[in-house]
Amino acid sequence: MEIESSLYLIPLLPLVGFLVNGLLGNQLPKWLVAVIACTGPFIAFLLSVQALQALATHPEGLHQAMFSWISTGTLNVPFGLQVDALTAIMLMNVTGIGTAIHLYSYGYMHADPSFSRFMAYLNLFLAAMLMLVMGDNLLLLFVGWEGVGLCSYLLIGFWYQDFANVDAGRKAFIVNRIGDFAFLIGAFTLYSLTGTLEWHGMEQAVAALDLNAMVVSGPMTGMPIMVALMIAGLCLFGGATGKSAQIPLYVWLPDAMAGPTPVSALIHAATMVTAGIYLLGRMDFLFVLLPAVMGVIALVAACTALLSGLIAIAQNDIKKVLAYSTVSQLGFMFAGMATGFFHTGLFHVVTHAFFKALLFLGAGAVIVAMHHEQDIRKMGGLWKDLKGVSILFIIGSLALAGVPPFAGFYSKDAILAAVYYQAASPGASPEWMVIFGMLVFTAGLTAFYTTRLVVLTFFGKPADEHRHLHEVHWTMMAVLAFLAALSALAGVLGLGTWLDTFTHHVWSPPAVEVNEALEHTAHYVAMGSSTAVVVLGIGAGLFLYLSESRREALDRWTKGSGARVYGMASHKFFVDEFYEAFIVNPIGWLAKLLWGVVDRIVIDSGIVEGSALSVSGFSAALRHTQVGAVSAATTSTLVGVIVVVLWLVLHG
Amino acid sequence: MTFTIYELAAMQPALLVMIAGLLAVGLDTFVPSKTRIAHAMLCGGGVIAAMAALGSQLYYQRTAIHAFGNMLVLDDMACFLSLAILAATGLVLISSDADTTRRNIGFGEYYGLIMIAASAMMMLVASNDFMTIFVNLEVLSLALYVLTGITRKNPRSNEASVKYLVSGAFATCFFLMGVAFLYGATGTFALSGIREALALGLDSSMARVGLGMVMVGFAFKIGAVPFHMWVPDVYEGAPTSTTAFMSVTVKAAGVGALIRVLLIAAPMRSDLWADLLWWMAVATMVVGNLMALQQTSVKRMLAFSSVAHTGYALVALATMRSTDETFVPEAAASALFYLLTYTFMTLGAFSFLIYMGHELPGKDGTSEWQDAETLSDLAGMADRRPWAAAMMGLFLLSLGGIPPTAGFLGKFYLFAGAIERGHVTIAVIGVMASLVSLYYYLRVIVWMYMKEPMIADEKPHPSVAVVIALAGLATLLIGVMPGAFIAAAEHSIAVLR
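Protein sequence lines correspond, in order, to chains A and B.
Heads up, the first sequence is in the numbering used here, so the first residue is 1 and it goes up one at a time.
Heads up, the second sequence is in the numbering used here, so the first residue is 1 and it goes up one at a time.
Warning: the hint list may mix true and false statements.
Claimed, not checked - DSBU-like mimics (lysine-lysine), calculated; alpha carbons at most 30 Å apart, straight line:
(1) Lys461/A <-> Lys387/A
(2) Lys378/A <-> Lys320/A
(3) Lys572/A <-> Lys378/A
(4) Lys171/A <-> Lys451/B
(5) Lys559/A <-> Lys320/A
(6) Lys171/A <-> Lys572/A
(7) Lys384/A <-> Lys461/A
(8) Lys30/A <-> Lys451/B
(9) Lys451/B <-> Lys320/A
It is worth saying that the hints were derived from the structure and are not from the lab.
Note that the structure is a prediction, hence the values are computed from the model and not measured.
Chain B extracted, bound-state conformation (with noise of 0.2 Å):
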């Protein structure tokens, strides 16, 4: 295959942040462990080379970009979900500074990891053929599997590595299976060539039992029920810095990559996998939610809140086809708005626990870091501390979509349009799903403004309060003032048809 220089385009922001990547894991062999603004300064300055390049494909080259065979293509929803991807990266990587220095990470590592991860996502969203999606998914997993582990001497985190590990695998399998059925009755990988096969009339049985699998392969990645029982476990046991960045770019990633695939090759079976989704979503909110309830540690209650937020998103994906059998595809855009609601209240809420951190002395003499994860850990912290308090409270109530912040707003958009489409009851189901969310998030506000406090010998970070800064400004900005991005989010779904 041969391609032109101009194709490469559709790659570089995605290239720009895989090189500072690796960049980073050689800079190990050179500088001294102890620094690091050398890395700091590598993978920041890819970050933002990456943002620029995609603020100048936004707004100056304008025209998508279709690369290699159209395997990968740069259109303004990819340029959407990689700027919310490479936003979410950027604030992990500043807050996991905390991780790093506390549990002697090394930085090359953990960055160099973070941002293949991260460019793998992004190639993962401008993917329009199952090759290449199936390789950015397996690289991103890869990426995920060792940072999840990355504290070695932590048996809680090695236990989450393998956890995902085995379980990941398992669903990888059914989505290289689900490729293989689908290849089988279409004869090609591209989403495309898929759409048009099945619209010749080659819709077996085979082709649905391939969409199928590929839809679990998502699901799996996003932790909807039944898919999310890897979740739990996985965000409690791996470093919080990885599981703010798991939690939220994953899902950013993989909810984009299934819109993508849906709406690309199969939009004229949406009676088929709407239907699925419907029930995919509902069971997601109830259990997630539910499952919430019960928890006392912060960390796993955010895990489950996580996997209830999954539901909401997939609510907009689930009410495409709207109840007089039109297809609207415009619906997906909700969720990609909420998606990035999400990111920031999530990303927020996750980095103040790390920045609630203290120290526990160990066996031998020496002290181990310990995030805030009870309930306990944070009684009575918002007299001592009412900036983050008060930031922390946001999030929370953001994510138990109270207005004026950006939870309210992503909730209403996405239920008013499930309504407006005909979708009532799934919409009923949700509001009354965030209402039981309440109940959680509430408990964590009281614990924080209503109690004596228990501990208070956490050492906050102060690199981590900057992202907590940044996460409660973008919380409210997009509360107050939403309509350039649910404009993006529109225009970035209308492009796709």
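Bound-form chain A, shown alone (with noise of 0.2 Å):
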């Protein structure tokens, strides 16, 4: 098999473009830049075109094992790249919508001066991104975890001269470190359980456990084997919640909208927040055995959907509403994921990355075309103007929303169907209802606040007359176009069905028992219960939003009596204020503290003066060469020497 054996092409590539334009991209025209930086994605794109056919011939799938990564007597990882179903539709998604944005990149940011930087971080990304979907274990997919959260960091701090940015971008890279600690934890825990860290290996290990006996060796000794399990599954879905922005973690996702346009459609949109997701999916062997975590994800990501939405109703820039629906369309893939109907959550993951890409990328054609203006307070009326953005932005909104026969409808409704199913069946636990309930309203507040966002965008008056708009260039209208017919498109197409038997084989059977009338059932409800609250959110802010009277009334309100609600969802629910005041400050205090206690109180105290006295001999010598700090130096010396010496003594 041809394609098997050049596996390695498709994050090599990128990898190439980044090392070209990132060392000798200041010495190019920019043209070649865009060139250099838009072939390796496409290339990649053929390929995993054509992995993708390969997996008719190969349902087991592609693996090119390269070389033994670590070997050593306990610890054996391999460095091998492979393709199954899942993998394959990832892909897709990475290399296709990739390259499109890459295009669309050359339009936004060719004027900048840091044009070529920006190209070469963007093709870093894409290696690292394919590099997570394509390891064949979990410490490579480590590898392009971290890797994808780099780039992250360096592309949200990427405008450096304001400094909100810089600051966005490590607020991003420190929160996902909290993930990724739990994440290392997760993968320990499975490691010791297992033994190994490949996919197929672990697969086998854990299907293998006795479920109800006890751990015989390692940290866990005596540990029920279900215990440990649990432990390493809620592990791995924390480091989900960093990387994929769900409650606690979320809170780096809106800032990281500092970052260059482009950037929030590839990167915080459409592809590296879907890496949780991807984990998900990978470790269904695992997740399928825990309804209890199960459960757990499931509550997480329907809060998180519901919290989400009620705060993007309270956001005037227009790339923060876009932001917290990307966390809250997240937390319905998560629930996806949490029913064990695998195919529901990546079918959202498919049908969000084209429709929010859309979405960004038309954002980002308004707010070139309005000088960089992303206050959609102030744009209004912008239909007139930008006829064709428009009517692309529109097309993304419905999907969004969940208007049938968009995309986004079809998507959502397999996932509510899913939920349902679970609630529904005989036995299930009572808190699955509360769920479906959970979701159902966060539709209908998708339609409303994405009814709130195309309206005060492009209908009634615009808020200054003698604007003078930006044009648009040609490869951005381009791109989203083709983003477009993806989003009208997919659901109707039968992409649903057909991710449904194509990645079939590669889940592991869901827990519940398969019960085809109320499958049917489940889905009357949530298609029905989907389309009467998406007709509510739409008419509500069609109704609130579209008669300038009514939408001043509106103003009156938030800021008269209803501003204390009002304040709470715009504030963001003052989730930012609270790790603030719990969590960075007090490491701050610790670490001040510290270094109070051994500049100004050991140094310049009496303990030190005192104990100067008895290295007299030395001090007097060294009076002018801040003796201070060298009996500092010799009295903590003592310190240890008499802890060490008087522990050894009693100790045994």
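Both chains are given apart, each in its own frame, so use the hints to dock them into the complex.
In structure tokens form, the structure reads like this:
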């Protein structure tokens, strides 16, 4: 098989683009930089298509072993790439949309003085993301996982002249590291249970575990295996909440909108943030064994969806609205994965990538046209001047709102049906019904805030009658049209059904029994309720925002009697402030305290002066060379010696 | 005492380095002081010859050489660490070209002292007896005291040298007293002799105090908390190439010698020292990282970061005794591997500071060289020097433990091993400490990549670029293909038992 032996080219090509543009880009003309940057991802896309086709004849998946990465007596990790149905779908997403966004970036960024650096980072991101989805073991996935985090950080802070951007970038990185910490603990735990980090080996080892037994060796000796697996599952999900912006670690994603808009589309909507969903899908064999953990995931996901949907209503920055909506939609995807019908989550990953990339890129076009204005209150009436962009943006909005027959409707519907199926199954835990209710309500919210966004941006009176709009580059329009076609048609053309059959053999079968009658009911309940709330949401949005007088009344309400309620949402429920007060500041205090203790108290205090006398022979000679520091060092040594000696004498 | 010529082979690599160093000092008399080719060839040749000798020992000879009544032993661990020390020494020799020419330091003195220190460290890791350990520890320290203060006109450098000397002498007293206590308890200086005596039931509190004080001596040399107070001042004051040299090689040699002492002299009392090292490792990781958070000088930040990395390496020693009370000496391999990864990333980071040095106008019309030290020295330099900035970024990410660099694998191997032996708490503390460390490593990247340049008058030194490139290559190579290195580290420990 030709493609199986050239899988390595898929991540390598963007990496080469990164190296060339990153190191020589300053000396090359911009068109050449763009050609280099776009060629790698495009060829990677063609190879991915080939790999996808090859899967038809190789349903067990493609695998290319490269070399042995770590091989010691106790730890053996290969360096290999694999493509199965799940990876193939992710590959199509990452390389397909990735290439489109590279092209768009040429139009969006070509005037920037650091254009080559930007394209180089994008290429590096793509290489890392491809590594993430193609790695054949957990550690290799982690390499990509950290790589995309790094690129995200570099790209958020890309316009570093504004210090807030740099801060946002650092916040993203640090928050993600907290997630990674959980990820690593989960990986270690799983490793000590199964003795391997490879997907296939792990799947077999987990299947072979006796769930009622106890762990017999390693750090968790004596713990029931089920509990150990739950710890692993929860920790891995903790890692996913970092990368995929779920409660409690979602706070970085809205701030990440400080980066250039193509970055928001590519990294913070279409690809990187779905890494957590991919992880869940990849570890399906673990999660199907853990219904309790799945329940937790679904609950966290539903809460995230609802909370960020509420926040999105009160945001006025066009990109912030889209950012919170991304967090909310990621919640839907997690809920879908948590039902055990993994293809529903994956389906939403794909359609969401289409329409959210479209919306972000459309927002980018609007922002360019408005000379980098992002406040939707200062837009209005753009319909007249930007007909093309408006139509495409509205197509994306309809898909996001879940209006049939746009793509978003089908995938959201599939998730709602799966959740309802879980809830209505005999013996299901009651929380599932609550989750279903929250998700349906959030679907209505989505329709509402999307309508608000569209109405405020494109309709009504222009905020400024004399504005002069900037022209939108043709590469940007071409990419928008391409994504709009996908967002409009993907559902109708049966992408969902195809995905289901194509990936069916990769998933471990769900824990609940298949009940066709219930499946049909679930389908109708989901469709009925979601259509109803979408109609309500859009209706309410149009009713409140389309008429000038009602909008003003609403404005008065948010400033007057509704200020408290509205303020909660517009201040994002004060989660950032909470973290600042209870996590960030205490660490800062600890560091300052330590600094203060050592620098001021120890060195200047009487303890040191006293002991300085004991080395007075030296100190007399060294008075002029900051004797304090020297005696601090000797004092600390002396204290250490006393502790060590006392401890050793008294201990045994 | 009589010995055969064959036994000299145990010393041969170290002797080659020592002789090259002594000749380099002597050369100053014969060649004009401005030429450095003769010095460079002599010392470079010495390093390469010693590496070749070690290579032949490892791959052709294979059996360990015990020499001088088992006072020295050239086994796999000695070879592994000696090779790491020599690699670092070679790189430092190249990068010290910048320090010596810029600051008018005599080539003979500088190269000679580095070579003498290197040879003492090579013998230290091969020492099997407290007598040889002590002598080599002192030779090494004396050379470093002088190296630290070698820029005679620089008050900071002089002050650092005196501080190092005073506090070093203080710690040496404890070490020597510890050796004396152990001798008093067991009647021997030989590590294996001490083990036999302890096994016979001579486990008195005198022996325990002796062991504790010896550990204090080592802890001081490698900069473990609370014996680390000299580190920031000395590292900051010394010429940067010396800082790079001592931060990597002394750590490797000190930890190596400590491993040998613990595994050969006191393996049966791991219940005593493992708990002690546990607390020391935790304190070192926490204090080192929190102090580094506060620094605005990159050089000082790297000094505290080196303290933190000592803590990580100690985790391996502290978890040698697994929670179900079995003794797993193999664990020490992860410390050796960690030190190897640490060698290249730290050398690279310090060399980068030398590379970015600039000239400051002095008082009397002359100019004075200043290495890049503060964050503002590095502001926005990524656009001017993308290669160097990318390499520094690589070193910093590696220090922070981001894959696929060497630093990630070092930490992964270390903490995975600790967890496997049941030490979850210390692994969690370690991973959290490295999480905190990312904050200050990233700050440097932010300044390089996301700031407007403030000073742009650096005059890069071409030979330092070679060091940066080689260190970068090694950092990536070990990250992507660590297999052979880990295997070598494990083998080094396996033969030690």
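Structure versus earlier hints - violations, ascending order: Those not satisfied: there are none.
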